[in-house]
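J.: Sequence:
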Amino acid sequence: ALDFLSIPSTSCDCERAFSGSSRTLRWRAVASELNNLADYIHACATLSLTLTA
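At position 27 of the sequence shown the residue is numbered 27 (my numbering), and the sequence of numbers has no breaks.
Quick caveat, the hints were computed from the structure, so don't treat them as lab data. Worth double-checking, as some hints may not be accurate.
To be verified - Pair ranges (Cβ atoms, derived):
1) L47 to D13: 39 to 45 Å
2) D13 to S48: 37 to 43 Å
3) R16 to A38: 21 to 27 Å
A virtual CB, placed ideally from N, CA and C, is assigned to each residue, including glycine.
Can you make the complete structure from the sequences, with help from the hints?
T.: Below, the structure written as structure tokens:
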């Protein structure tokens, strides 16, 4: 996971840190409300598609 107390020294370090945190969320390595929100939105979209089809 991302350590918010360490400050990246260059923009490359910043990019690497954000990329790493994105992968952590995408691979669901940690529990996250962002993943829960994405799942909810996806479920609602899927439901609305099946209701209109």
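J.: Between D13 and S48, does the beta-carbon spacing fit 37 to 43 Å?
T.: 41 Å, holds
J.: Regarding L47 and D13, is the given constraint of 39 to 45 Å on their beta-carbon distance met?
T.: 42 Å, holds
J.: Honestly, do R16 and A38 meet the 21 to 27 Å range at C-beta?
T.: For A38 against R16, whose Cβ atoms are near 23 Å apart, the range 21 to 27 Å holds.
Violated hints for the displayed structure: none, as all numbered hints are satisfied.
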